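Quick note, the sequences are listed as chains A and B, same order. Under this note's numbering, the first residue of the first sequence carries the number 1, and numbering increases by one thereafter. Under this note's numbering, the first residue of the second sequence carries the number 1, and numbering increases by one thereafter.
One thing to keep in mind: the hints can contain errors.
Reference excerpt, derived from the structure (chain A facing chain B, CB under 10 Å, subset only) [stated by the list, open to error]:
| hint | residue |
| --- | --- |
| 1 | Pro161 |
| 2 | Gln171 |
| 3 | Gln193 |
Hints in this document: simulated from the structure, not taken from any laboratory. This one's a predicted model, so the numbers in the text were calculated from it and none came from an experiment. Built from N, CA and C at the ideal position, the CB exists for glycine as well.
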Amino acid sequence: MLRITADVFSGRQNPVWTVGEERTARNTLRALSEGSELLTEDAPARAGVGFRGLLVESLSDEAAPDLRLGSTTYLPVGREARGPRAAELAERLIGLLDRVDTSLDTEEGVSLPEPLRPFLTTQLTTATEEGSRSGASIQEGGQETSESFTAAATCYYDVTPFNPGFWNDDQNTRLHNNCYNYASNWRNNTFAQPGRGCGNQYTALTCAEVGRGALCDGMHRRYDCFPDSEWPRHLVALVIWPNTDFHWYRLQSEGYWAHKPGSTAARNVDNSNRVINNPETCDRGPYTQFCGYFYGCHTQRQRIR
Amino acid sequence: MDVEVALYSGRPNPVFRLRGAEREEASRRLGALVAVPDRSAPPGGLGYQGFRLRPASSDGSSDAGAWEVGDAGDEPTLAGSSIVEYAVGGGLVVARGADGGVRVSLDPGRELERWLAERSTRALTEQEIRLVEGSLASEEDPGSDFPR
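From just these sequences and the hints, can you work out the full model?
Below you can see the structure in the form of structure tokens.
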């Protein structure tokens, strides 16, 4: 899922829209990656007024390796554009407003120009004409970031590369996302609790109850398959510190498991500082009960709170 | 300043706030630490890991605000960058700067950790107090790696 902000206003709220369909989001990120020379980490300080650019934020870490610039990137347009193709990319991002799976994230009581897409296109044209003196070269690139594997006879699950910077580099991100956020690969800063998103949070710190909460959010037990449309279907493992706490691990494409102990850094090693090849046998400290494996999915991760 | 008791992974950790004389004393103790430049930050892990000290913000969350060191001295910095967190545990104190820099200091005899543990009891359940006390009692070696 992508959140896009048109950095166009100065006093009022900027238009923000969310791209919900994962393949559209990935294709968009790939297009941005192919034009990585056009991107910056943040809005240029001297961008001035008018259409300055578009901020693109990814809410999950499988997209970040495509970007190679972290989970947030900025496409300057107009005077600060880094090349003639910036306007083309900007048009593509604005064009996502017309997709049925795109939603406008406007705060209550805030009005935006209607219809929004023609307004932004006009603003972009004006800014591009003003900045037509500048230009830059474009470099091609991009790579696939996920794979699917067969589980048992019929199920498929998906794995993505270990990407700790997505979770660790920003203090706010590290503090407000826990093991369940990490296992779900959904960085929504809620310190998510199994079942809270579906309105029926666990009532005891047992395998049965925490597992029930996760299933309520939309996870499946292992070998209860998800269709391809639920990509990414992560393989995760639940463990319990009896009557005290829960913890989750997620399988990465490198073959090892990674986890994020509470508000601390995401990592791929256990309490003995050994790479986790098996969550059933790794050093889990007091989390002595191994509950079993589950599949996460796109619907589930969007639901967690 | 806010103090998080590093215990859990899934559940939110207990948090309590140091005010007035306690805050001044904590600032004094942090200011007296001696860095060990060749020591890297321990990896941490699951279970009790110690305490994390952060500036208290006005809304009660722990991700913003100033240290408010008052008469104890200036706002703490690390190579010119403001310190956003101290992790205290296992005989070490790891200061983290806003720019990602890290400075490791010794906590001889785990005195700062024990001082924080005494103050944490007001925020902890009986079970949690036992967990913290049990860890402090079982791992006496100052300057050792973080407890597991």
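For each hint, the structure was consulted:
The beta carbon of Pro161/A is not positioned within 10 Å of any beta carbon in chain B (closest approach about 20 Å), and the interface hint is therefore violated. The criterion of a C-beta within 10 Å of any C-beta in chain B is met by Gln171/A, whose closest approach is roughly 5 Å, and the hint holds. Residue-level restraint check for Gln193/A holds (minimum Cβ-Cβ distance to chain B is 7 Å; threshold 10 Å).
In terms of the numbered hints stated before, the structure departs from hint 1 and from no other.
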